[in-house]
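4 protein chains.
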Amino acid sequence: MQAEIKGINEECGIFGIWGHEKAAELTYYGLHAMQHRGQEGAGVVVNDGKRLKGHKGLGLVNDVFKQMDFCDFPGEVAIGHVRYSTQGGKVIENVQPLLFHSQKGGMALAQNGSIMNAYQLRGELEEQGSIMQTSSDTEVLAHLIKKGGREVSASSIADALNKIEGAYTFLILTEKKMYAALDPSGIHPLSIGRLKDAYVVASETCAFDQIGAAFLREVLPGELVTISDEGIQTERFAFRKQRKLCAMEYVYLSRPDSNLNHVNVHTSRKEMGKELAREAPADADIVIGVPDSSISAAIGYAEEIGLPYEMGIIKNRYVGRTFIKPSQQLREQGVKMKLSPVRGIIEGKRVVMIDDSIVRGTTSKRIVNLLKDAGAEEVHVRIASPPILYPCFYGIDMSTRKELIAANHTLDEICDIIGADSVAYLSEEGLEKAIVKSKTIHQGICTACMTGEYPVPLPDDAFDKVREETSASGRSEGNV
Amino acid sequence: MQAEIKGINEECGIFGIWGHEKAAELTYYGLHAMQHRGQEGAGVVVNDGKRLKGHKGLGLVNDVFKQMDFCDFPGEVAIGHVRYSTQGGKVIENVQPLLFHSQKGGMALAQNGSIMNAYQLRGELEEQGSIMQTSSDTEVLAHLIKKGGREVSASSIADALNKIEGAYTFLILTEKKMYAALDPSGIHPLSIGRLKDAYVVASETCAFDQIGAAFLREVLPGELVTISDEGIQTERFAFRKQRKLCAMEYVYLSRPDSNLNHVNVHTSRKEMGKELAREAPADADIVIGVPDSSISAAIGYAEEIGLPYEMGIIKNRYVGRTFIKPSQQLREQGVKMKLSPVRGIIEGKRVVMIDDSIVRGTTSKRIVNLLKDAGAEEVHVRIASPPILYPCFYGIDMSTRKELIAANHTLDEICDIIGADSVAYLSEEGLEKAIVKSKTIHQGICTACMTGEYPVPLPDDAFDKVREETSASGRSEGNV
Amino acid sequence: MQAEIKGINEECGIFGIWGHEKAAELTYYGLHAMQHRGQEGAGVVVNDGKRLKGHKGLGLVNDVFKQMDFCDFPGEVAIGHVRYSTQGGKVIENVQPLLFHSQKGGMALAQNGSIMNAYQLRGELEEQGSIMQTSSDTEVLAHLIKKGGREVSASSIADALNKIEGAYTFLILTEKKMYAALDPSGIHPLSIGRLKDAYVVASETCAFDQIGAAFLREVLPGELVTISDEGIQTERFAFRKQRKLCAMEYVYLSRPDSNLNHVNVHTSRKEMGKELAREAPADADIVIGVPDSSISAAIGYAEEIGLPYEMGIIKNRYVGRTFIKPSQQLREQGVKMKLSPVRGIIEGKRVVMIDDSIVRGTTSKRIVNLLKDAGAEEVHVRIASPPILYPCFYGIDMSTRKELIAANHTLDEICDIIGADSVAYLSEEGLEKAIVKSKTIHQGICTACMTGEYPVPLPDDAFDKVREETSASGRSEGNV
Amino acid sequence: MQAEIKGINEECGIFGIWGHEKAAELTYYGLHAMQHRGQEGAGVVVNDGKRLKGHKGLGLVNDVFKQMDFCDFPGEVAIGHVRYSTQGGKVIENVQPLLFHSQKGGMALAQNGSIMNAYQLRGELEEQGSIMQTSSDTEVLAHLIKKGGREVSASSIADALNKIEGAYTFLILTEKKMYAALDPSGIHPLSIGRLKDAYVVASETCAFDQIGAAFLREVLPGELVTISDEGIQTERFAFRKQRKLCAMEYVYLSRPDSNLNHVNVHTSRKEMGKELAREAPADADIVIGVPDSSISAAIGYAEEIGLPYEMGIIKNRYVGRTFIKPSQQLREQGVKMKLSPVRGIIEGKRVVMIDDSIVRGTTSKRIVNLLKDAGAEEVHVRIASPPILYPCFYGIDMSTRKELIAANHTLDEICDIIGADSVAYLSEEGLEKAIVKSKTIHQGICTACMTGEYPVPLPDDAFDKVREETSASGRSEGNV
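As you go down the protein sequences, you meet chains A, B, C and D in turn.
Per the UniProt record's numbering, the first sequence runs over residues 1 to 480.
Per the UniProt record's numbering, the second sequence runs over residues 1 to 480.
Per the UniProt record's numbering, the third sequence runs over residues 1 to 480.
Per the UniProt record's numbering, the fourth sequence runs over residues 1 to 480.
For reference, chain A alone in the conformation it holds in the complex:
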């Protein structure tokens, strides 16, 4: 029962800063830069010199923080979190950082990722009398750290991390220290930067650029970093494994101006587009990309194949949460929502339409339809990543990618379903070539959702659970 107490599948962004007099405000800007990683909720915990103090809320970073006066949150140390969750429970309790107070001091935790054995660990803890208020994996880690009344330290954290299996990055804050940790396979990104005398930690480097901080280095797989007034200390809490940085971070999740494991995201996407052009050229007049995440790949494709890149689809920037959605009747009559084809560009043209991925196929079908309605003579769909065949258990929302079209249909069928004149995917080799310059233990990507090879072991019944859960919820694929 109770899906909400399992807590897998969270794509999020985390941010921390140690040693700047405007810690909370800079955390706001850092989270803002990572808004694309989670629009469901945001929070910040600041150390005001004496104790930890939090503010969090549901909604966008701006919505949450407009209610907060930074003057009420002085302090030189802060951590923050933006949250996206695939699960129904959009409740304030689950918004992070989680903040616990005890008579000996406070502890705040922020996590990006998933713990595979959370359900089992939670059961064991509850058997022993632990009570939990959230359905977040993060609360499980908090209990493990404090188990038996232990104090929060690098040692108690390392012991707790050794009990969990997962794909995660953590920031943990006490009144005295800030801790950052990355799972042994390094499935998610986490970097350290420097802003004058302050240390900064963030899921994506775009947060550093946002606040004018310089990139220092990545947190390494299996590393626990301790930041305090004494500076940075580091230790291994687990043996390092082959790096398996999530390929989807490059394909669509991260911001194009971020660098992940020293590779710029826009550049990798452009390379994917170029690889795709070499693997699957199309005889056409123009190349267009589906905004926003497929623009880089489309430009790369156009450059490589020597066709003009055109702005064939416009994304309406003003469609927000207050947008009144057209009724079914009006949509059938042609009222558009977020994406509009540009008739003046499309009409009479043979179009290559680049998209970053296909999940259920519904969105692709709608866009192809829009293009044909706008007068496109042919639409050749080119996907800048390989087919998605398996669910992700490590924090990327593939539950919403549930009726995975590629898992159930041949290429020809897909072409038929979405109404394209031709469809082609990038190969796995092409994807890897575009991202990984030289494959070493330090460089490597997780392609579990394409290959089914999961680097972190799954619980026995993982597939069953996902199937159940995904029957209820699902990230909207966006509106066309």
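There could be a bad hint or two in this list.
[Unchecked claim] Far from chain A, some chain D residues (derived; all Cβ distances over 12 Å):
| hint | residue |
| --- | --- |
| 1 | Phe65 |
| 2 | Asp69 |
| 3 | Asn117 |
| 4 | His262 |
| 5 | Arg278 |
| 6 | Arg350 |
| 7 | Gly361 |
| 8 | Lys365 |
| 9 | Asp416 |
| 10 | Ala424 |
[Claimed, not checked] Computed cross-link-like contacts, BS3-like style, restricted to lysine-lysine with a CA-CA straight-line distance of at most 27 Å:
| hint | chain 1 | residue 1 | chain 2 | residue 2 |
| --- | --- | --- | --- | --- |
| 11 | D | Lys177 | D | Lys196 |
| 12 | A | Lys315 | D | Lys315 |
| 13 | C | Lys50 | B | Lys315 |
| 14 | C | Lys315 | B | Lys315 |
| 15 | A | Lys176 | A | Lys104 |
The set of hints was computed from the structure by calculation and includes no laboratory data.
Being a predicted model, the structure only gives us computed values, none of them experimental.
No residue lacks a Cβ here, since even glycine has one placed at the ideal position from N, Cα and C.
Given the structure of chain A, go ahead and fit chains B, C and D onto it with the hints provided.
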């Protein structure tokens, strides 16, 4: 350190209903009727037949619930809470009911009152590895109930209640049962009502009237009531002591239409006014009361002494949280806020001004001043309760009543300070006579704040702690 | 057609101040004190020394002004308005003051009351090319003043006033002067006050008390007052007639702390109660009043007849616009809204229930019902004003009082309909005695709605029009 | 005095629909598509079959319309407006459509553009007794149409249009007809479309695509189109002059997916980029564009010159009105706002930075600076339009372009000021070539702001007035 993890002093209102198809909505109306018991936050937890589901927020009941669609909260069982707290931490975490989920089921708790040994119990729990997210006493009880992984039952709750010392009423909800408990001295009120087939529990009977429920009986001191589909079951978790129902509930806290321990609040106030007229008559032209809580006593005084009762002070009903407060300069020039004297009534008159109590004296001084400015020839202040000399540790906000004027000044000095022509208080005997018809073990009031005789033992350092805490915060006395 | 361009029937409050550096802010407090006169919209126009600048909005004064920073509205002169309208068009355009700009300067107008010949005047103006944006009578006056390109002056205003027939008070502001006018019969109240060096004008004197201003005098019927840096100048624009101050201002419309034509409203209500006790005594145990406007009369009745006044009905102060109204089903089950009877007081008693007036009878019926349900043995309804038999055309919302129960039923029938044990009204003589101390040309009340004697002539088809209009709209009688 | 009653300089968007049962809702979507033309306010007027009914507000289309329930606005005919104004007066009164009611019927007006002789006309009208509530030119036209009590008709509108000199498009709605007009030089765009049986009129064709309407034709210069249940009728109200469609509509104002005078905006921008590459090539590694309006030109430049186009600057999509702007201190420390350079792309590169125009130069300077800070070796600024040397009086905000850098500095000085390694502009010939395929009376652009050749005569003191006005206000150039 960390005042926020002690958690004493909470005046609140609790409400529960078992067996009505509109449980959440009726809880809303019940809480609404008890809005005066707490404006800081409100929450509801409903059992939708399978699991417990909560909604809570900071602000008035209306503010919190306008964001909630009752259609999303189906279910026949619900509990709710309105919160007032004397402490700084107006944070969403502390808003009740607290809701905990485990793989075996959920538990929600709502409390009115204070636990005396919460600090010590919390320390012990933390030593053993418990971690807490709130500074509420209620979380301590939750941990005691679930200690060692016990299931929630009348037996585990009774064991937990036996570990705490305090002045409290509790509602505890699981997927299967609802529990209601009152401390052995019965310091706070808690009643059971009936609405068709449903059972209702509420801090004040006005909540029953609001929803059209009939009063059934009071929960008895030391009683643990279990409500389920099998009906009501009851047991004693502690020996019953002399009833010590908080006198301040009658004096100013409760709504005039509520009955506490079978005594109507308005009627008791009118009696206090009559007693006061007998004890301390004044030679005057008219009698006025300070709105709203002193109106009943003023009418009683006027009736007894044979003077006309007049509406000499008007309370502006539209002063809400969006009211723009006049600057000091404008206030000095006479711009009023909430209370305005009525010149047409006051001018040239000798006035008896009835108030329910004096705390720091600042408000009394302002009102006397207003009356004199409006042309009152004499102002005779009559207080419908005895002098407050001691802090309350049981949930009534006497910390804010910190610079207790009566504890530090003689009657003559008080008269001077507030600028009155005479001042008199009701005697303790007069108060008791007005409230308690026949003093038995079932009838009796707590007058600790007037006498210093505390029915529930205090922790050794209670007075010291209060002194510290109260230096920082304080309920505003209201605006004149 | 187009009901919205007729514009009769407006109960409102107007306020003006000349010569205080915080003019806009004081206008806010003044309007706030008169919030009961109109909750539909509010506005202010300030003269910042060079030009007139306005801010207005729909909703309560607080709602409108919380969006306004008074620092953006400097200036020593301002006028303001709170609006209640009986008509459908709750649109921002109709919110006053109306503000017009021309190359020669600005003009702002605020009105309380109605112009009888507005429809005809509007037609004539439109024939000549005038175009209008509002359905307000006030815009008609503006056009009359500026007709033929005249400048705004005491002379052009007096000429315009002489063209209109009505029951009105006006405030008109230019960059150089402020004008205040009252119709020749003085049907509505308008007073002048003094706050240090500043002059203040307001519909009710409670606005003076609110800001600490002293009452100076009433504006006289047919008087046009000009306020400028040269002080106050006055002139007659029409012969003074017998004063006919609206009786309903005393009965329920004005605030009890206001003085109208030197008579305090609370005192007049108490007198109405006493007269009523003498005219229509009841054999009963207690006297109660329907909150808020009938409390004074109830106290007077109780004093005169020697029965105890009790708080038998409670009005919930927290029911605001965000209150979620109970469904019909829940109301039938007994869920209360604004008014709750106090069982502890009512039960087993013979009750005199004082109300200020009966309109359609529905509210009275509900309250009697509530009292009987709460255990009242007998309910004797006593109305502190005479039966309402005719509509009002002068600005009091009798259109909503459309199905006037007293116009269509005998006293016995009314008693039956509302379920009371007896019903009695105050006589016209009693009403007049309670309000008018010595009837002269200066003292006198309009009782058109009781007698059908209209002091200002009506247009030929007035009754027909009202009948049409009132079929659509109507002020809610309030919730019980 | 009184800048606000002159009313020049308005860039706006207008929309109208005749004959669709969801007229108001479709107007919402149409306005939404033209949101970029005005973010200050929006409004709609619908004909519900009997009368005109309006709703308008300050803010974005979504903000204004979320408060409006379309069910309350039934009707098959509607017009709407989005407003941008260069002047201080962001007041609700100025938001269009303006709506006037008379006893004979209503009239609503919406305008895009400016009337040159508005000040003089307004003065004449006021001399004759007209009074005005807005500072909008549009109200002047309304008075001209209704002058002498005339009815609204094609004839009275044509007469009124012949009295005004300007650059304008108008939509005028009565209960019976909808009128659309374009000034004789056709300075602004206005098109007619078809949605099933309905006629649609809009400033930009992107509004047609948004609602699924088909483009029919442009409104011609000097044409007055009458739409009614009888269909479309057309007449000339003035001799047609050489078409002078504002060049800036192509350069930056319109949406890339719109077609203006049969030329697609994106395509024209790409052509500008290509022309620019031919005229002013740069020896560099990559080409980048300043988002959003310069992207098309940058892609064109890159294609023509054979360099890769890269996403060197990211625009943060989530910066909205609730964004908390970094303090000066934090901005100096490098905290970014809307635009962030992508270090991973820029570093070590020689960059061609394409922008659509330079106004004051401040923004260009900031962006060059950002690029250099991000490690660009060289920055070659290329501007895809000619230097702006003169103010615009026809509705494009050049008052904010007041300290026109190009009017006061040589190319070398500009290069120095903005810190670039080289700067070049597109020539006038290049611009014309990119937009106008064959110059006829039907095709031609207004380049007054570049050449000083104003197609519509200016009032004598136009330059003086602009100088005054622009000292106070100014469109923000956007945040970097």
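### Query
Just checking, D:Asp69 versus chain A, shortest CB gap more than 12 Å?
violated, 10 Å
### Query
Is the Cβ of D:Phe65 farther than 12 Å from every Cβ of chain A?
Nearest chain A Cβ is 6 Å from D:Phe65, so the label is violated.
### Task
For the pair we were handed, C:Lys315 and B:Lys315, check the Cα-Cα distance against 27 Å.
Holds, because 14 Å separates the two Cα atoms, which is no more than 27 Å.
### Task
Please settle this one: D:Lys365 was flagged as non-interface, so is its CB more than 12 Å from every CB on chain A?
holds, 18 Å
### Message
Holds or violated: A:Lys315 and D:Lys315, Cα atoms, limit 27 Å.
### Response
holds, 14 Å
### Given as non-interface: D:Arg350, which should sit over 12 Å from chain A by C-beta
holds, 17 Å
### Query
Non-interface claim for D:Gly361: all C-beta distances to chain A beyond 12 Å?
holds, 23 Å
### Query
Taking 12 Å as the cut and beta carbons as the points, is D:His262 off the interface with chain A?
violated, 9 Å
### Message
Holds or violated: A:Lys176 and A:Lys104, Cα atoms, limit 27 Å.
### Response
Holds, at roughly 12 Å.
### Message
So if I understand the rule, the pair passes when the alpha-carbon distance is 27 Å or less; does C:Lys50 with B:Lys315 pass?
### Response
violated, 38 Å
### Query
Is the nearest Cβ of chain A still more than 12 Å from the Cβ of D:Asp416?
Nearest chain A Cβ is 25 Å from D:Asp416, so the label holds.
#### Entry: Interface-negative label, D:Arg278 against chain A, beta-carbon threshold 12 Å
holds, 16 Å
The structure fails hints 1, 2, 4, 13 (numbered hints given earlier, in ascending order).
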